[in-house]
Amino acid sequence: MIEVKNLGKDFITPQGKLTALRNISFTVTKGEVFGIMGPSGAGKSTLVRCLNFLERPTSGTVRVAGQDLATLNPRELARARQQIGMIFQHFNLLKLKTVAQNIAFPLEIAQWPREDIKKRVAELLDIVGLTDKARAYPHQLSGGQKQRVGIARALACRPRLLLSDEATSALDTETTQSILELLQHINRDLGVTIVIISHELAVIQQISHRVAVLSEGKLVEIGPAADIFTRPHATATKRLITMNSPAQGTRPLRGGAQPALAKRGVI
Amino acid sequence: MSKLLADSALQNLILTATGQTLYMVALSLGIAIAVGVPTGVLLVISTPGHILPRPRLHAILGSIINTGRSIPFVILLFLLMPLTKVLVGVSIGTKGAIFPLAVAAIPFVARIVETSLQELDPGVIEAAQSMGASPLQIITKVLLPEAWPALILGFTLTAINLVGYSAMAGAIGGGGLGDIAIRYGYQRFRNDVLLETVVILIILVQITQSLGNKLALRASRGQRRIN
Ligand SMILES: Nc1ncnc2c1ncn2[C@@H]1O[C@H](COP(=O)(O)OP(=O)(O)O)[C@@H](O)[C@H]1O
Ligand SMILES: [Mg+2]
Chain A
1 MIEVKNLGKD FITPQGKLTA LRNISFTVTK GEVFGIMGPS GAGKSTLVRC
51 LNFLERPTSG TVRVAGQDLA TLNPRELARA RQQIGMIFQH FNLLKLKTVA
101 QNIAFPLEIA QWPREDIKKR VAELLDIVGL TDKARAYPHQ LSGGQKQRVG
151 IARALACRPR LLLSDEATSA LDTETTQSIL ELLQHINRDL GVTIVIISHE
201 LAVIQQISHR VAVLSEGKLV EIGPAADIFT RPHATATKRL ITMNSPAQGT
251 RPLRGGAQPA LAKRGVI
Chain B
268 MSKLLADSAL QNLILTATGQ TLYMVALSLG IAIAVGVPTG VLLVISTPGH
318 ILPRPRLHAI LGSIINTGRS IPFVILLFLL MPLTKVLVGV SIGTKGAIFP
368 LAVAAIPFVA RIVETSLQEL DPGVIEAAQS MGASPLQIIT KVLLPEAWPA
418 LILGFTLTAI NLVGYSAMAG AIGGGGLGDI AIRYGYQRFR NDVLLETVVI
468 LIILVQITQS LGNKLALRAS RGQRRIN
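Line order of the protein sequences matches chains A and B.
For the first sequence, the working numbering assigns the number 1 to the initial residue and increments by one for each residue that follows.
For the second sequence, the working numbering assigns the number 268 to the initial residue and increments by one for each residue that follows.
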């Protein structure tokens with residue numbers, strides 16, 4: 001699905017050159033949930049933004065669904081982006097548009113016929129469980145509901161790949177849980193490949209099949225989630241895991257929230 | 268009897284002048300919006316880091332706008348007279364006043380568009396980019412619609428400034444309420460006329476402002492913060 005080779009990204013800042021990513025290579029297979037974790041400032045956002053060329057890499061190649069993104073002209077890149085959904089920490093919804101209009105937005109961008117848009121929006125509202133909020137405005141929604149709109153919007157054009165940049169980091173534990181369940185459903189039942197980045201290890205641990213660890217712009221470790229969390233090799237990974245261990249006071253994700261979720265019909 | 272007649276003739280003049288003021292303001296506002304909005308949008312999107320970064324163009328536009336805004340309106344009126352004559356056929360009167368009024372308001376509108384668009388959350392623009400939106404789609408489907416309430420308030424402010432400027436244009440024969448206030452109120456010592464024109468101007472400004480507020484509130488879809 002994704003093939004990243006020798007990816008590097010420098011930012012030119014008033015203070016000089018800042019290397020955010022150096023020599024990163026990995027692949028993401030079709031149908032998997034690929035987690036990227038690392039401390040704040042490690043370069044996670046920059047990396048995920050390189051996967052749809054919101055950020056242009058300084059060096060290296062990014063192939064998505066077989067296409068080298070660097071070779072695409074603006075129109076082709078736009079078409080490629082329609083096949084890559086993205087969700088964000090702060091949801092980034094249009095404030096003056098209703099839930100339904102927000103979800104319809106990418107379909108309008110892709111110039112779908114009006115009738116098809118209407119049908120697709122109804123389907124998406126159903127997938128994320130917000131049919132009764134179709135005419136609400138974002139400011140009338142809770143954080144979790146806003147992220148559901150974000151997810152519906154990202155899925156609108158039926159992408160095969162979903163990028164998630166700290167999508168649960170602004171949400172409380174219980175809501176995080178329900179959003180993760182939704183992402184799992186999207187991955188399992190709709191077959192969408194997911195790249196999820198988070199500084200919250202519990203999130204990555206719960207949902208990822210494979211995990212990559214970023215530290216200071218470098219990919220220090222990559223492997224199946226079970227291995228990374230039980231037998232970390234890189235010092236950076238070990239440090240990350242000890243710093244985030246429950247003894248140090250991070251929030252537990254499993255348990256606790258389950259009954260409430262069941263009550264709301266999420267699981 | 269004759270005094271009453273004179274007064275009713277004056278009332279007619281004031282009525283006509285009010286119409287002229289509205290005409291000058293509406294037309295020059297229309298032109299200023301038609302030119303100022305694209306200019307302001309171009310100013311914003313050409314900013315480094317925005318959707319169509321063009322640093323040189325951005326700098327040039329910025330200094331043109333600043334120059335326009337730093338020329339006092341009375342001076343602009345005289346400076347533009349020859350050009351007005353060429354463009355409109357006359358350099359004075361109500362028709363002659365519209366061109367300089369519009370020219371004065373264009374940079375103002377452009378800056379208002381700039382501040383309104385800058386207030387938008389960059390994340391929303393990024394989301395649109397991630398969906399494959401073109402710069403034109405981002406302008407027409409994200410930037411302008413999302414900034415609409417702020418833009419309405421900005422246009423209201425421009426309209427109110429134009430009411431004041433149009434009164435100044437009246438001083439050089441532009442017609443309208445300013446003209447009446449000076450010729451009858453000031454030069455012929457008719458304090459009642461002076462007062463009446465001022466009251467009408469106040470009412471015009473009040474109506475414009477509350478209409479603008481109402482439209483902006485409606486456009487903001489019940490959000491508490493308008494931006
Ligand atoms: N547009 C940018 N311009 C300059 N520096 C940037 C930019 N975006 C990110 N950076 C820098 O790159 C590094 C990695 O940032 P980021 O990818 O946001 O990290 P993370 O998402 O892991 O917290 C940081 O040092 C950050 O300051
Ligand atoms: Mg980040």
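There's no promise every hint is true.
[What the hints assert, rightly or not] Under the rule of at most 16 Å between Cα atoms (straight-line distance), these lysine to aspartate or glutamate pairs were calculated in the EDC-like manner:
| # | chain 1 | residue 1 | chain 2 | residue 2 |
| --- | --- | --- | --- | --- |
| 1 | B | Lys408 | A | Asp227 |
| 2 | A | Lys118 | A | Glu108 |
| 3 | B | Lys408 | B | Glu393 |
| 4 | A | Lys95 | B | Glu393 |
| 5 | A | Lys97 | B | Asp388 |
| 6 | A | Lys95 | B | Asp459 |
| 7 | A | Lys30 | A | Glu216 |
| 8 | A | Lys17 | A | Glu3 |
| 9 | A | Lys238 | A | Asp227 |
| 10 | A | Lys17 | A | Glu216 |
| 11 | A | Lys133 | A | Glu123 |
| 12 | B | Lys481 | B | Glu463 |
| 13 | A | Lys30 | A | Glu3 |
| 14 | A | Lys95 | B | Glu463 |
| 15 | A | Lys5 | A | Glu108 |
FYI, nobody ran anything at the bench for these hints, they're computed from the structure.
Bear in mind the structure is a predicted one, so any value in this text is a computation, not a measurement.
Hints and how they fare:
1. B:Lys408 <-> A:Asp227: With Cα atoms ~46 Å apart, B:Lys408 and A:Asp227 exceed 16 Å; violated.
2. A:Lys118 <-> A:Glu108: 11 Å, holds
3. B:Lys408 <-> B:Glu393: 13 Å, holds
4. A:Lys95 <-> B:Glu393: Holds, because 14 Å separates the two Cα atoms, which is no more than 16 Å.
5. A:Lys97 <-> B:Asp388: 14 Å, holds
6. A:Lys95 <-> B:Asp459: 50 Å, violated
7. A:Lys30 <-> A:Glu216: 28 Å, violated
8. A:Lys17 <-> A:Glu3: Violated, at about 26 Å.
9. A:Lys238 <-> A:Asp227: 12 Å, holds
10. A:Lys17 <-> A:Glu216: 15 Å, holds
11. A:Lys133 <-> A:Glu123: OK: A:Lys133 and A:Glu123 at ~13 Å, within 16 Å.
12. B:Lys481 <-> B:Glu463: Status violated; Cα separation ~27 Å.
13. A:Lys30 <-> A:Glu3: Given pair A:Lys30, A:Glu3 holds - Cα atoms ~11 Å apart, limit 16 Å.
14. A:Lys95 <-> B:Glu463: 44 Å, violated
15. A:Lys5 <-> A:Glu108: The hint is violated at about 34 Å.
Consistency with the previously given hints fails for numbers 1, 6, 7, 8, 12, 14 and 15, ordered from lowest to highest.
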